[in-house]
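Enquirer: Here is what each chain is made of, one letter per residue.
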Amino acid sequence: MAQNLQLTSDGRLRHLLTLDGLPKRILTEILDTAQSFVSVGERDVKKVPLLRGKAVFNVFFENSTRTRTTFEIAAKRLSADVVNLNVNASSQSKGETLLDTVSNLSAMLADMFVVRHSAAGAAHLIARHVAPHIHVINAGDGRSAHPTQGLLDMYTIRHYKGDFHNLRVAIVGDVLHSRVARSQIHALTTLGCPEVRVIAPRTLLPRDVSGMGVHVFHKLEEGLKDVDVVMMLRLQNERMQGARLPSAGEYYKHWGLTPEKLKHARPDAIVMHPGPMNRGVEIDSEVADGQQSVILPQVTFGIAVRMAVMSLVAGANS
Amino acid sequence: MNLPDPNALIDALAAQLAPTLSPDCALIGIHTGGVWLRDAVVARLPLMSPMPVLGELDVSFYRDDYAQSGLHAEVQPSVIPFEIEGRHVVLFDDVLYTGRTVRAALNLLFDYGRPASIRLAVLVDRGGRELPIGADFVGLKLDLPATEHIDLLRDATGALRFVHGPWE
Amino acid sequence: MKIAIRNGRVIDPLSGLDAVMDCFIAAGRIVALGAAPAEFHAGMEIDAMGLVVCPGLVDMSLRLREPGLEYVAGLESEMQAAAAGGITSLACPPDTDPPLDEPGLIEMLKFRARSMPGPRVYPIGALTHQLKGERLTEMGELHEAGCIAFSQADAPLIDTAVLFHTMEYAASFDFPIWLRPEDPFLARGGVAHDGLVAARLGLPPIPVPAETVALQTILLLMRQTGARVHIARLSSRAGVDMVREAKADGLPVTCDVAIHHVHLSEMDTADFNPHCHLVPPLRSVRDRDAIRQALADGTIDAICSDHAPVDEDAKERPFQEAEPGATAAELLLPLTLQWGREMGLSLAQTLARITHQPAQIMGVDAGVLRVDGPADLCLFDPAAVWQVTPETLLSLGKNSPYLGHEMVGRVRYTVIDGHLDYRQI
Chain Y
1 MAQNLQLTSD GRLRHLLTLD GLPKRILTEI LDTAQSFVSV GERDVKKVPL
51 LRGKAVFNVF FENSTRTRTT FEIAAKRLSA DVVNLNVNAS SQSKGETLLD
101 TVSNLSAMLA DMFVVRHSAA GAAHLIARHV APHIHVINAG DGRSAHPTQG
151 LLDMYTIRHY KGDFHNLRVA IVGDVLHSRV ARSQIHALTT LGCPEVRVIA
201 PRTLLPRDVS GMGVHVFHKL EEGLKDVDVV MMLRLQNERM QGARLPSAGE
251 YYKHWGLTPE KLKHARPDAI VMHPGPMNRG VEIDSEVADG QQSVILPQVT
301 FGIAVRMAVM SLVAGANS
Chain X
1 MNLPDPNALI DALAAQLAPT LSPDCALIGI HTGGVWLRDA VVARLPLMSP
51 MPVLGELDVS FYRDDYAQSG LHAEVQPSVI PFEIEGRHVV LFDDVLYTGR
101 TVRAALNLLF DYGRPASIRL AVLVDRGGRE LPIGADFVGL KLDLPATEHI
151 DLLRDATGAL RFVHGPWE
Chain C
1 MKIAIRNGRV IDPLSGLDAV MDCFIAAGRI VALGAAPAEF HAGMEIDAMG
51 LVVCPGLVDM SLRLREPGLE YVAGLESEMQ AAAAGGITSL ACPPDTDPPL
101 DEPGLIEMLK FRARSMPGPR VYPIGALTHQ LKGERLTEMG ELHEAGCIAF
151 SQADAPLIDT AVLFHTMEYA ASFDFPIWLR PEDPFLARGG VAHDGLVAAR
201 LGLPPIPVPA ETVALQTILL LMRQTGARVH IARLSSRAGV DMVREAKADG
251 LPVTCDVAIH HVHLSEMDTA DFNPHCHLVP PLRSVRDRDA IRQALADGTI
301 DAICSDHAPV DEDAKERPFQ EAEPGATAAE LLLPLTLQWG REMGLSLAQT
351 LARITHQPAQ IMGVDAGVLR VDGPADLCLF DPAAVWQVTP ETLLSLGKNS
401 PYLGHEMVGR VRYTVIDGHL DYRQI
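Protein chains in written order, with the numbering used here: chain Y, 1 to 318; chain X, 1 to 168; chain C, 1 to 425.
Source of the hints: derived by calculation from the structure; they are not laboratory data.
Careful: at least some of the hints might be erroneous.
[What the hints assert, rightly or not] Stretch by stretch, here's where chain Y covers chain X in the computed footprint (C-beta under 8 Å, at least three residues):
#1 56 to 62
#2 71 to 84
#3 111 to 121
Cβ atoms here follow ideal geometry from the backbone N, Cα and C, with glycine treated the same way.
Can you make the complete structure from the sequences, with help from the hints?
Expert: Structure representation (C-alpha cells):
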C-alpha cells in the first residue's frame, strides 16, 4: 500500500514518501536524472524553467534550516515559486490537526508539499488526503524516512564508486533513531549492494535490525574492515548522555571515526556524513576534512537529487 | 514512400556547411538524433586547425510539454565544455517539425551564455511548423501529414537509417 | 412480553446443548425449551429457522465513553452498537472522564444505562484515585454501588508498592482486580511491537518484556497477597506461556485477549494504518498464533471486544500520534466465529469464549441458555455475509482495521432481559 501510494497507475513516481519498497527502476531513474541536474548546477545560469508557475510549499513541522534551504534552492532552480512555512509553533499548538493545516495550504493553491514532521508516517497521511494533482515529498518523518537524503547518499556512492554491486558499506552510529539510516539501508539493498553493515552499541540499534538485511557489528574496528564506504550518522545531543549512552566522550572513544580507525577500511574508502556534524563526537575533524571525505560534494549533489525528485513527481500527472 | 539514404543527404549537408565554418564555431547536437547527425557531419568535414568545438544538448528540462507528459525518460546531461559567449553556433537536429524542440534548445543555449550567432542544420524538414523557426541547412524537405512520423535511427554498428510510418 | 423463538439451532456452550428446538420466554426468563409450557400465549413469534440461538454475548471490555467523552460516542449509540453485536452483558472500563472512581459516578452510569434499551452494564471501578496510581479508591463503596471488579484500564501503575497494597486491600474483600500487564518504563513512548515492522518504519517500539516483566510482578504479588487477579489483553507468546505455567502451578489466574489480537499482527501496521494503532500493540505473527492456540487450549479464558470508539480527528493523524483503539462491539461475534472456524472448533466451543467463560470471570449470571435462566439471547445467521462500512456500524466510532472487509455471521435479533432490544433490518 505504501508503495502504491507513491506511484501512479502507470508506475511513475507521484509522491516520494519512503525508499522502502520503491522499485530499483525508480531509484535509478532519479539518480540518472540528478546527473543531468548536476551539470545544470555547473552553468552560470543554474535555473531551468521546468516548474515555472508551480507553487512548492516547504511545510516544516520540525525546524531544519539546512534541509529546508536545500529544497528551497532546488525548487528555485526549477523556477518554482517557493513558500516556506514553519508550522511547529503556531497552528499545531492551537489544536489544528495536521490534515487541517494541509487543507488550508492546499486552498492556497499549492502544487507540491515538501513536508518534515516529527511523527513517522506523517507524509503518508498527507499523501493519502491531498487532491490528485498535488505531490508530496517527505523531507523527514520521525525516525522513519528521509528519502532525499538516502538518494543523495546513493548518488554520491555511485559517483565515486561506479555502481553498487561489489561494495561493502558501513553505517555507523545511532541507527535506532535515524530516518537517514533507514532510507540508506532500503536504498542500498534495493540497488543491489551485497553487504551493508551497521555499527553501533546495542542501545542504538533496533532489535530486529538484521531483518532489514544488514550485518550487525558492535566494534567499530571490526565493522570497518575492508569497507568501501563509511556512512556516519549524527548523534543527537539529547542522546549523548542518558540511559542509552554514558557520555559523548565514551561514544567518541568507541564509535568516533578517527584516522586510525579509518585505516581498517579500504584505502580508497570514502567517508560520508549527512550533517550537521558533531566534530569530536562521531567524527574526528581530521577525517571530516581529510582526503577520503566526500561530505561537501554530498551537499552539492543533494540539490541536484532534490531537483530530480521534484521534476519527476511534478511531471507525473496521470 | 521511398526515402533516400541518409548518408547521401549527410554528404550533401556537410558539403553545404563546410565552407561556412571557422575555427571559432561550435557544433552542438540536440539529443539524440541531432548528436548522431552532428557526429556524421563532423566525420565528413575537411580538417581545419583548430577544429570547431563540440557540444550536446538535452532539452528535457526546457520542453513545453512537461506539464502534459512529465519528464522524459533517460534525460542526458547537456555537455557544453567551452564558453558559449561570442561563439558562432551550428545547432543540429535530425528532424525539424513543430519547431518546439529548437525553441527549447535556444532557451537552453542562452542559459550558457550569449552566442555571436546560431544557425540550424537539420537532416529532414518535414513541415508542420508551429513556431516561427526555420533551418539554415536542410538535407531533405518533405511535406508529411500530422498522422505520420519520420525518425532517424542508429544501429549498433553506427549505421544511420530512416524509419517512417503512421503514429502508433 | 412473551416471546416464542421457533426452529432455531439452540446452543448452550456451558451444557453443550446443540439442537434445533423452540425457546419460550416470559417475564425476563427462559421458561421452556422444546415444547411450549401450558397456557403459553406468545406476544411475539420469531422465526429462527437457519439461525443460531445462543446466550447473549458477554463482553469484558466495552467503552461506552460516558461520562465525559460524549463528543466521541454516547451511551445510547454504544448501547445500541453492543446490542447489534449480540452483546447482552458488558463490563465497562473506568477510563472515562472523570474516571469511575466515585460511587456517584457508578450509580449515575448504571441509572442511565437502565433507562435505555441495551445490554446489562457492569462497571469496573478505578483501582486508584483518578487512575493516577497513587491512592486507593473506596473499593468497598464502589462495590456496593455496583462495581464488579477494579482496574487501572490502560493507565500505568508506576509504583509497585501501590500495586502491592491495592492487591492486599482488594484481597481483604475478595474483590477481583483486572490488570493489563505493561511496564510503564519499558513501554514509554512506544506505539508498536518491537519487531521487524517497527524497525523498518521507525516506529517507537514497545518490547515484549514490557508485558512479561509486569506480568511476572503481578503473578508474584498474587501469590504473596492471595488477590484474585484477572489478566487483561495479553499480547505476546511469552506472556501466554507465563500464564499457562502459572495455571499449571495452581494459581487461580484468568486472562483475556482483545479480538483484534486474535487475527491481526504487526504486519497490518506496515502501511501506517492508524486503525491498527492498538493498546497493547499488535505483535508478531508468532505471538498472534500463540494467542490463537492458547485460546483453543484454554490458557486464555475469554475474548473481549476492547471496543474503543475514537473520533476521526483523533484517528486521522500520523500513526504514533493517532489515538489508539478500535471499534469492535459489532465485530466481536463474526471475528470470534472466524477464529473458531479456522481452528476447527465447534460452535459451542467457539462461543464459550464470549459467553459463559467471561461471565464466570465477571461473576455475573449470564452467558448461559437454560430454563429459568435470564432471557439474554443472541440470534445470529452464521452464514450471512456483510460488509463493514461506516454505515453498517451503529457505533459512533467508525475506527476499524476491518473497514471495507466482509464478515461472515450476522446478528439478527438480540433479546435482553426478555425484551427484543435489537432487530437487524
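Enquirer: Could you run down the list of hints and mark each one as holding or not?
Expert: Going through the hints against the structure:
no.	hint	in the structure
1	56 to 62	holds (count 4)
2	71 to 84	holds (count 9)
3	111 to 121	holds (count 3)
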